[in-house]
Structures are given as structure tokens and as C-alpha cells.
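Peer 1: Residue numbers (the numbering used here), protein chains in the order written: chain A, 1 to 108; chain B, 1001 to 1114.
Any given hint could be a false lead.
To be verified - Here are the simulated DSS-like cross-link-like pairs (lysine-lysine), alpha carbons at most 30 angstroms apart as the crow flies: (1) Lys100/A with Lys1019/B; (2) Lys1044/B with Lys56/A; (3) Lys59/A with Lys100/A; (4) Lys1041/B with Lys70/A; (5) Lys36/A with Lys1041/B; (6) Lys1041/B with Lys59/A; (7) Lys1022/B with Lys100/A; (8) Lys1067/B with Lys36/A; (9) Lys1071/B with Lys1022/B; (10) Lys36/A with Lys1071/B; (11) Lys70/A with Lys1036/B; (12) Lys1040/B with Lys57/A; (13) Lys69/A with Lys1040/B; (14) Lys56/A with Lys70/A; (15) Lys100/A with Lys1041/B; (16) Lys1044/B with Lys57/A; (17) Lys57/A with Lys1041/B; (18) Lys100/A with Lys1036/B; (19) Lys1044/B with Lys100/A; (20) Lys70/A with Lys1044/B; (21) Lys1022/B with Lys36/A; (22) Lys57/A with Lys100/A.
These are calculated hints, taken from the structure and not from any lab test.
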Amino acid sequence: GQQVMQIPQYQHVQEGEDFTTYCNSSTTLSNIQWYKQRPGGHPVFLIQLVKSGEVKKQKRLTFQFGEAKKNSSLHITATQTTDVGTYFCAANDDKIIFGKGTRLHILP
Amino acid sequence: DTAVSQTPKYLVTQMGNDKSIKCEQNLGHDTMYWYKQDSKKFLKIMFSYNNKELIINETVPNRFSPKSPDKAHLNLHINSLELGDSAVYFCASSQGAGANYGYTFGSGTRLTVV
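Extracted from the complex, chain B is given alone in its bound form:
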């Protein structure tokens, strides 16, 4: 069974389009995250939700909007896609908020904006 699953795995789209990435975890974790990994492999946190409540919102353009319908799901919607948005986006979950628990990552969504 997949613990943290993201869809789609690959996403190729044109500049200006709007797209969504979905994430679901079946671990019963309370906290979920979105990370962006650029071409240099730097992992940067974008958002974190704890029991559907937004707890971390890093300096991310307003074009990025997370939504958590329940604590097992965290989706990411991106408006007006730009070339610089091309990256791998990882969803992750942890048992609780903060950094006292190891994170379980999804397999990533490779977004290419052309």
C-alpha cells in the first residue's frame, strides 16, 4: 500500500495554464506538507497543514494555493504557470506538527512548464 501518493507523476503544461496536484496519505498522520525541489536538488518547504489548518505558509507567490479538505488530503493548485515553476513538487506527511517526527514523502510530481 502506498503511504503518501501524489498525482499526477508528470505534468507538462504551457505557460499561463492552471494546474492542480493531488496528495493523499493513508498513514493517519495529522500534518501534511508541500515541498519544492529545484534542479539543484534544494528542498524548500512551501506549505504545511495540521488537521486541515494552515500552519506554515512560506514566501510563495499567491498563484499557489493549497487546499486540505480533510487531514488525509492536501492538494496544490497553481494559477498562471510560469517557466520558473518547473520543478519536482513533493508532498509529505508526519505524525505531528513541528520537527520531532520523520517525514514520509510521496514520489513527487515533476512539473515542466513550456
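Next up, chain A with everything else stripped away, as it sits in the complex:
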């Protein structure tokens, strides 16, 4: 079945620094989704990427889908304490398969 590898597993950054998490698949994906889960909270849908090479922005968040549709990234510019949480990518199979997530910690 479909699997997505997500790196890094953990990331500590100083507030104001940038952060990137990567999602990789051995097979071509039809689409990829990104979710954010705050500590103690539930996953919240952020975005879906469908097209090869697609780039979408949400304020300080930039999402990219690779040209071969086998990888994706989420980049946060100038992190803030509200960005703390776990970021999951999720790939399309006959159901959504979640990556293991990247836990982002912000150091004040």
C-alpha cells in the first residue's frame, strides 16, 4: 500500500526562524494533503495539492508539490509560537494515509 515518509520527525527552531518539513513517496501521488495538529488538539486540514509543481501560499505557509508528484514540502517563514504543533502530510490511496508527522517546537 501507499506509504509516505515525512522528515524530520522533530524540529526545534528559534522564534522567527524558518521551518520546513518534507514528505516523500516512492510512487506517484494523485494528490497530497497537509494537516496541522496543535498539542492536545485534533488534526486540522490545511490544504490539498493536486497539480505537478503546484505551489500554494497561506500567509507565512508555502506548500509545494514536486514535479514528479512524489514529494511535497511545507515551509513556514518567520515562525511564531502559534505555529507549534505536529504537521502531517497525507497521501492518496483508496483512503488517506498519513505520514508520521513533524513535531515543531518553537524556542522563545
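Following the hints, position chain B against chain A.
Peer 2: Chain B alone, transformed into the frame defined by chain A:
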């Protein structure tokens, strides 16, 4: 208004007991899911129903039995609870089946088996 609501939020119970978790969505979505999130935050799908019909049944012990009385409700009954069942269980819904739609998650049920 809560879009996907789960009850209870917390559940502490002894090994061997039987318990149920309820989920309701008011989004008009056709598809509902149960996910299990372990202590390492891994999200693993358990079941999926589309318009009351079971469409995904992952490798889950028979002690877990989902029930969908209508497309707005998906309940999870667990028999003979074991220590390893301790986790956060999330209900989710989506507009359609498959992975072309974003999922809306409930706030989770934290199950602790002692």
C-alpha cells in the same frame, strides 16, 4: 456549531470492560472514519463508512466493531478492552469517499485502559 462531535472526550476504564464512543457530524458529509493515534502521534485508519456502508476495514482486532445507523453517525464499540487499546481515537468525515476531499476531524476521545 460543532462540525464533528465525539463523546466522551475522556474515557478511563479497566481491562476487560466493553465501551462505546459516539460520533456525529452535521456537515452533510457522505463518508466517516475512525482513526487511532498512539502515543507517538501516528495516525492510523481503522474503519470508513460511506452512506452507512463499510468501505474500509483495516487490520483491526474483532473486538472493535463500528456501527453507522445513518450517514451522520458512526459509533465505535470495543469489547474486552486491553492495555494496548489506550490511545486517542479520532472520528473524521469527508464530503466523499476516497482521498480527494479534506477530512474534518472531531476533537478526539482519549481512552485509557488500566
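Peer 1: Give a verdict on every hint.
Peer 2: Comparing the hints with the structure gives:
1. Distance hint between Lys100/A and Lys1019/B is fulfilled; the C-alpha atoms sit about 28 angstroms from each other, no more than 30 angstroms.
2. For the proposed pair Lys1044/B and Lys56/A, the alpha carbon gap of about 27 angstroms is at most 30 angstroms, so the pair holds.
3. In summary, the hint linking Lys59/A to Lys100/A is supported, as the alpha carbons are separated by about 25 angstroms, within the 30 angstroms threshold.
4. For the hint linking Lys1041/B to Lys70/A, the alpha-carbon distance of about 23 angstroms falls within 30 angstroms, and the restraint holds.
5. The hinted pair formed by Lys36/A and Lys1041/B meets the criterion: a straight-line CA distance of about 12 angstroms does not exceed 30 angstroms.
6. Between Lys1041/B and Lys59/A the alpha-carbon distance is near 26 angstroms, which keeps this suggested pair within the 30 angstroms criterion.
7. With a C-alpha separation of about 26 angstroms, the suggested pairing of Lys1022/B with Lys100/A holds against the 30 angstroms cut-off.
8. Proposed proximity of Lys1067/B and Lys36/A is supported: the alpha carbons are some 28 angstroms apart, at most 30 angstroms.
9. At roughly 13 angstroms between alpha-carbon atoms, Lys1071/B and Lys1022/B fall within 30 angstroms of each other, so this suggested pair holds.
10. Only pairs whose Cα atoms come within 30 angstroms are accepted, and Lys36/A paired with Lys1071/B is accepted, the gap being roughly 26 angstroms.
11. At roughly 26 angstroms between alpha-carbon atoms, Lys70/A and Lys1036/B fall within 30 angstroms of each other, so this suggested pair holds.
12. Of the supplied pair hints, the one linking Lys1040/B and Lys57/A holds, its CA atoms being roughly 29 angstroms apart against a limit of 30 angstroms.
13. Among the hinted pairs, Lys69/A with Lys1040/B is consistent with the structure: their alpha-carbon atoms are about 28 angstroms apart, no more than 30 angstroms.
14. Distance check on the hinted pair: Lys56/A and Lys70/A sit about 17 angstroms apart at the alpha-carbon level, within 30 angstroms; holds.
15. For a cut-off of 30 angstroms, the pair hint linking Lys100/A to Lys1041/B stands: about 7 angstroms separates their Cα positions.
16. Restraint check for Lys1044/B and Lys57/A: the C-alpha separation of about 28 angstroms stays at or below 30 angstroms, so the hint holds.
17. As the CA atoms of Lys57/A and Lys1041/B are separated by approximately 26 angstroms, the hinted pair is consistent with the 30 angstroms bound.
18. Using a Cα cut-off of 30 angstroms, the hinted pair Lys100/A and Lys1036/B holds, with the two alpha carbons roughly 13 angstroms apart.
19. Restraint check for Lys1044/B and Lys100/A: the C-alpha separation of about 10 angstroms stays at or below 30 angstroms, so the hint holds.
20. Between Lys70/A and Lys1044/B, the direct Cα distance comes to roughly 21 angstroms. Compliance with the 30 angstroms bound is thereby established for this hinted pair.
21. For a cut-off of 30 angstroms, the pair hint linking Lys1022/B to Lys36/A stands: about 24 angstroms separates their Cα positions.
22. A distance of roughly 23 angstroms separates the Cα atoms of Lys57/A and Lys100/A; the hinted pair therefore holds under the 30 angstroms criterion.
No hint from the list above goes unmet by this structure.
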